[in-house]
Amino acid sequence: MDLIVRSEDPDGDMVTYRYQWIRNGEEISGENKNLLKSGNFNKGDVIQVRVVPSDDKAEGRAFLSPPVKILNSPPVVQEVRIEPRIAYAQDRLRAVVKGHDVDEDPIHYTYQWEKNGVVLAEERTEALEKGRFKRGDSIVVTVTPEDGEGRGNPKKSEAITILNSPPVILSSPPTSVEGNEYLYQVKAEDPDGDPTSFSLRSGPKGMEIDKEKGLVRWTIQWRDRGTHPVEIEVSDKDGAKCFQRYVLNVEIR
Numbered sequence: 061m062d063l064i065v066r067s068e069d070p071d072g073d074m075v076t077y078r079y080q081w082i083r084n085g086e087e088i089s090g091e092n093k094n095l096l097k098s099g100n101f102n103k104g105d106v107i108q109v110r111v112v113p114s115d116d117k118a119e120g121r122a123f124l125s126p127p128v129k130i131l132n133s134p135p136v137v138q139e140v141r142i143e144p145r146i147a148y149a150q151d152r153l154r155a156v157v158k159g160h161d162v163d164e165d166p167i168h169y170t171y172q173w174e175k176n177g178v179v180l181a182e183e184r185t186e187a188l189e190k191g192r193f194k195r196g197d198s199i200v201v202t203v204t205p206e207d208g209e210g211r212g213n214p215k216k217s218e219a220i221t222i223l224n225s226p227p228v229i230l231s232s233p234p235t236s237v238e239g240n241e242y243l244y245q246v247k248a249e250d251p252d253g254d255p256t257s258f259s260l261r262s263g264p265k266g267m268e269i270d271k272e273k274g275l276v277r278w279t280i281q282w283r284d285r286g287t288h289p290v291e292i293e294v295s296d297k298d299g300a301k302c303f304q305r306y307v308l309n310v311e312i313r
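Residue numbering for the sequence shown follows this note's numbering, beginning at 61 and increasing consecutively.
It is possible that some hints are incorrect.
Straight-line distance between alpha carbons at most 27 Å, and here's what the computed DSS-like set of lysine-lysine pairs gives [unchecked claim]:
| # | residue 1 | residue 2 |
| --- | --- | --- |
| 1 | K273 | K247 |
| 2 | K301 | K271 |
| 3 | K194 | K273 |
| 4 | K297 | K273 |
| 5 | K175 | K215 |
Estimated spans, in silico, between C-beta atoms of each pair [unchecked claim]:
| # | residue 1 | residue 2 | range |
| --- | --- | --- | --- |
| 6 | G253 | V179 | 47 to 57 Å |
| 7 | L223 | E291 | 47 to 57 Å |
| 8 | R211 | V128 | 17 to 27 Å |
| 9 | G104 | Q80 | 19 to 29 Å |
| 10 | K190 | S89 | 56 to 66 Å |
| 11 | V178 | L124 | 55 to 65 Å |
| 12 | G253 | N176 | 16 to 26 Å |
| 13 | R145 | E268 | 50 to 60 Å |
| 14 | P166 | P144 | 25 to 35 Å |
Hints were generated in silico from the structure; no laboratory data involved. Quantities reported herein were computed from a predicted structural model and do not represent experimental measurements. Backbone N, C-alpha and C fix where the C-beta goes; we use that ideal spot for every residue, glycine too.
Let the hints inform the model, and build the full structure from the sequences given.
Written out as structure tokens, the structure is:
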């Protein structure tokens with residue numbers, strides 16, 4: 061809290077001042093400069109200052125300033141970001157906020173989500189659930205702090221872009237076979253609804269997979285007894301991939 065003083069000396073002498081700050085009617089010990097440092101008052105306190113002018117010969121009449129009441133300080137949003145920062149269509153987005161209130165009042169936040177520059181009027185909580193956005197969408201959130209007595213300035217996050225999601229394999233393979241033919245129908249889905257294709261990255265000689273349908277087929281020979289590592293790849297049209305690895309045990313009796 062700063063103080064501005066205007067005075068004059070009839071003799072033209074230089075005037076100096078002695079200060080005493082007063083809080084709620086009580087003098088504040090040690091506060092005798094023209095500046096009252098923060099930490100010496102809180103919201104609701106009433107502050108005055110008594111000023112005594114003097115030249116090198118005498119002191120003038122003391123002046124008591126009008127009272128000033130310390131008002132509520134609105135809270136501040138220091139940081140807001142969206143997590144996860146690398147996000148896909150199946151993720152739940154969350155606003156992470158760091159705020160501060162000088163008066164140490166509890167802070168309540170309100171949220172406003174935007175998708176591709178359009179406000180999602182019904183989305184007013186800290187989370188944006190999956191299903192509200194898709195691959196390629198740009199998402200931002202604006203957070204406004206309140207402390208019950210006042211509202212602070214809103215702060216907007218940096219935008220995140222929803223990335224292409226890799227396919228997901230839903231099926232589990234049979235890992236053993238006793239006959240002369242091995243069949244495994246791979247089932248997969250893409251969270252973005254993209255078409256998927258299947259390929260066999262590794263497997264025993266003669267094993268094949270249908271590129272479009274995902275059916276693994278292998279005719280087993282006597283020499284194929286033992287264990288065989290298998291790796292299946294499922295990809296979408298943009299090159300996002302997922303893999304399934306397992307070991308196949310062949311018993312021939």
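key: Hint numbers not upheld by this structure, sorted from lowest to highest   = 6, 7 and 13
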